[in-house]
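J.: Which chain is which? The protein sequence lines are C and A, in order. Every position in the first sequence, counted from 1, becomes a number in the working numbering once 7 is added. Every position in the second sequence, counted from 1, becomes a number in the working numbering once 3 is added.
One should not assume that every hint holds.
No farther apart than 27 Å at their CA atoms in a straight line, the calculated lysine-lysine pairs in the BS3-like style are these [claimed, not checked]:
hint : chain 1 : residue 1 : chain 2 : residue 2
1    : A       : Lys116    : A       : Lys105
2    : C       : Lys87     : A       : Lys64
3    : A       : Lys93     : A       : Lys72
4    : A       : Lys110    : A       : Lys120
5    : A       : Lys106    : A       : Lys116
6    : A       : Lys120    : A       : Lys108
7    : A       : Lys64     : C       : Lys10
8    : C       : Lys10     : A       : Lys72
9    : A       : Lys117    : A       : Lys105
10   : A       : Lys108    : A       : Lys44
11   : C       : Lys87     : A       : Lys93
12   : A       : Lys106    : A       : Lys93
For the record, the hints were derived by calculation from the structure and aren't laboratory data. For clarity, every value in this text was computed on a predicted model and none was experimentally measured.
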Amino acid sequence: MEKYFIYLSVVLTIIIFLPLYRVLMGPTLFDRILGAGAIATKTMVLILVIGLVFNRLDMFIDITMAYAVLNFIGTIAIAKYLDTRGYKKE
Amino acid sequence: MEFQYVLAGILVSLGAFFLLIGSVGLIRLPDFFTRIHATGKADTLGIMLIIFGLLIIELSKGLLINSAKLLVIIAFVALTNPTATNALAKAAFRFRMVPWFKKDKEKKIKEKKKEEKE
Numbered sequence: 008m009e010k011y012f013i014y015l016s017v018v019l020t021i022i023i024f025l026p027l028y029r030v031l032m033g034p035t036l037f038d039r040i041l042g043a044g045a046i047a048t049k050t051m052v053l054i055l056v057i058g059l060v061f062n063r064l065d066m067f068i069d070i071t072m073a074y075a076v077l078n079f080i081g082t083i084a085i086a087k088y089l090d091t092r093g094y095k096k097e
Numbered sequence: 004m005e006f007q008y009v010l011a012g013i014l015v016s017l018g019a020f021f022l023l024i025g026s027v028g029l030i031r032l033p034d035f036f037t038r039i040h041a042t043g044k045a046d047t048l049g050i051m052l053i054i055f056g057l058l059i060i061e062l063s064k065g066l067l068i069n070s071a072k073l074l075v076i077i078a079f080v081a082l083t084n085p086t087a088t089n090a091l092a093k094a095a096f097r098f099r100m101v102p103w104f105k106k107d108k109e110k111k112i113k114e115k116k117k118e119e120k121e
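Given the sequences, and given the hints that come with them, work out the whole structure.
T.: In structure tokens form, the structure reads like this:
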């Protein structure tokens, strides 16, 4: 079973590299933010799987919770900032 | 192999499949408003399935505190991931970003055909 989770972490690492294309080449600013958020949410799962492989899940769960809160707050802050800046008067 | 490990393996594999679909959609779809579908729905479901599989393994080991924390993470992801994508979509709409229509694709195809004829 441990071997299966090691293979799973390798597959997840390959999956994380796909949204990186959208972050680097994205046509607009919002595409880059969306790609960064997608990478962060997938990294949460990767941290949990690595914790299960190391048999120290009790420590890695706390790291994951902090990471989830940071990701959410960061995305909301950028969205709100662009929301107030992007208005044009008619 | 015990029963709960097989169940957890199936759930985790399904979750990884959904994460892969979300990533491919983020690359392949034509517009920002369509790309939001990929990360807003497929990613949330995939993460919830994978963490649910880990929760079954922790429950079979008898670690109740860890499984309760994993449940908290599932609830948090289910609440916050769609909220973040919704806020981004609202900001993009107020930014006067033009959504993608099927007409655009047909126009491009017609222009290409014209160029080829000329």
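J.: Mind checking the alpha carbons of A/Lys116 and A/Lys105 for me, to see if they're no more than 27 Å apart?
T.: holds, 17 Å
J.: Just to be careful, I want the Cα atoms of A/Lys64 and C/Lys10 compared with a cutoff of 27 Å; is the pair within it?
T.: holds, 18 Å
J.: Would the hint linking A/Lys106 and A/Lys116 be met if the CA-CA limit is 27 Å?
T.: holds, 15 Å
J.: Between the alpha carbons of C/Lys10 and A/Lys72, is the straight-line distance 27 Å or under?
T.: Holds - the C-alpha atoms of A/Lys72 and C/Lys10 are around 25 Å apart, at most 27 Å.
J.: Is the straight-line distance between the alpha-carbon of A/Lys106 and that of A/Lys93 27 Å or less?
T.: Holds: A/Lys106 and A/Lys93 sit about 23 Å apart, inside 27 Å.
J.: Given the hinted pair C/Lys87 and A/Lys64, is their alpha-carbon gap at most 27 Å?
T.: At roughly 43 Å apart (the allowed maximum being 27 Å), A/Lys64 and C/Lys87 break the hint.
J.: Does A/Lys120 pair with A/Lys108 here, judged by a C-alpha cut-off of 27 Å?
T.: With a Cα-Cα distance of about 19 Å, the restraint between A/Lys120 and A/Lys108 holds, given a limit of 27 Å.
J.: Does the alpha-carbon distance linking C/Lys87 and A/Lys93 stay inside the 27 Å limit?
T.: Cα-Cα ~9 Å, so holds.
J.: Keeping to a limit of 27 Å between CA atoms, is the pair of A/Lys117 and A/Lys105 held or broken?
T.: Distance of about 19 Å is within 27 Å: holds.
J.: Does the alpha-carbon distance linking A/Lys108 and A/Lys44 stay inside the 27 Å limit?
T.: Status holds; Cα separation ~25 Å.
J.: Taking 27 Å as the top limit, are the C-alpha atoms of A/Lys110 and A/Lys120 close enough?
T.: At roughly 15 Å apart (the allowed maximum being 27 Å), A/Lys120 and A/Lys110 satisfy the hint.
J.: Are the Cα positions of A/Lys93 and A/Lys72 separated by 27 Å at most?
T.: Not satisfied, since the Cα-Cα distance of roughly 32 Å exceeds 27 Å.
Consistency note: the structure conflicts with the earlier hints numbered 2 and 3.
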